[in-house]
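As given, the protein sequences belong to chains A and B, one line each in that order. Letter 79 of the first sequence, counting from 1, is numbered 79 in the numbering used here, and no numbers are missing. Letter 60 of the second sequence, counting from 1, is numbered 60 in the numbering used here, and no numbers are missing.
No lab work stands behind these hints: they were computed from the structure. Quick caveat, the model's predicted, so the values are computed rather than measured. Glycine included, each C-beta is placed from N, C-alpha and C at the ideal position. Worth double-checking, as some hints may not be accurate.
Partial list, computed: chain A residues near chain B (C-beta under 8 Å) [said to hold, decoys possible]:
1. Gly20
2. Leu22
3. Leu23
4. Leu27
5. Ile34
6. Gly40
7. Phe44
8. Asp45
9. Arg52
10. Pro111
11. Ala115
12. Ala116
Okay, the calculated bits of chain B under chain A, using three or more residues with CB under 8 Å as the criterion [as the list claims (entries may be wrong)]:
13. 17-29
14. 107-113
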Amino acid sequence: MKYLRQFSGQTAQVVQRVSGVLLLVYLFLHVRTIHELSRGPEAFDAALLTFRNPLFKTLELGLFATVILHALNGIRITLIDLGIGQERQRRLFWVYSVGIGAVIFLAGAIPLVLAAMQRS
Amino acid sequence: MRNVLSWYFQRITGALLLILLAAHFWVEHFMSAELRRGDLSYQAIHSRIANPTWQFIDIAFLLVALWHGLNGVRNIILDYSRIGRRATQAISGVLVVAGVVWAWWGIEAFRNL
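Use the sequences and the hints to build the structure in full.
As structure tokens, then:
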């Protein structure tokens with residue numbers, strides 16, 4: 001039992017690190033796009049045009065999910081480091097980070113998908 | 001002591017990012033029907049990003065995100081490797097330089113608004 005708890009905590013830690021690195025890679029790409037602002041309206045709008053296809057829409061939703069998972073899991077890790085909920089940490093990962101995360105994801109993703117579908 | 005400070009700072013910046021990111025998502029993707037469709041354009045965001053208050057918020061957001069992200073990378077490197085003081089300092093130095101250049105690259109985006 002103790003092993004399982006530890007395993008889950010370590011897995012959650014790895015999830016946190018992999019998602020964190022992915023978000024940093026995204027931040028690089030994001031600044032790269034935003035930097036096009038300095039080259040004027042045409043250059044910026046041309047850069048944005050890249051992101052208007054279904055592939056990038058899907059990647060955007062993946063990014064949204066990654067952000068939510070990283071944020072909620074980060075809160076969970078902080079609480080555990082502070083000694084809160086240590087006995088329940090495995091349940092917390094699934095119920096809290098994954099469960100509540102899924103609800104927030106759907107609340108954000110559904111309006112975006114519906115709006116995107118209306119346009120096309 | 002420095003590690004404790006670093007730990008706290010990672011949590012504080014994380015909490016700040018939670019607030020800033022929620023606001024960022026709302027303002028850039030949910031506030032209007034145009035944004036929900038994903039029809040971002042220069043014109044759609046120009047008045048906001050030309051506003052100095054928003055520029056301040058966006059730049060602060062970038063700096064906090066860079067701190068959190070690069071400090072996270074530092075934690076990962078130090079955790080998975082056994083290196084001495086010198087190498088640790090070298091890694092920290094490289095990450096600080098990367099952060100400064102990256103921040104400047106972002107701030108520069110507002111140059112011609």
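**OP:** Against the structure, test the hints numbered earlier, and report the numbers of the ones violated in rising order.
**Re:** 2
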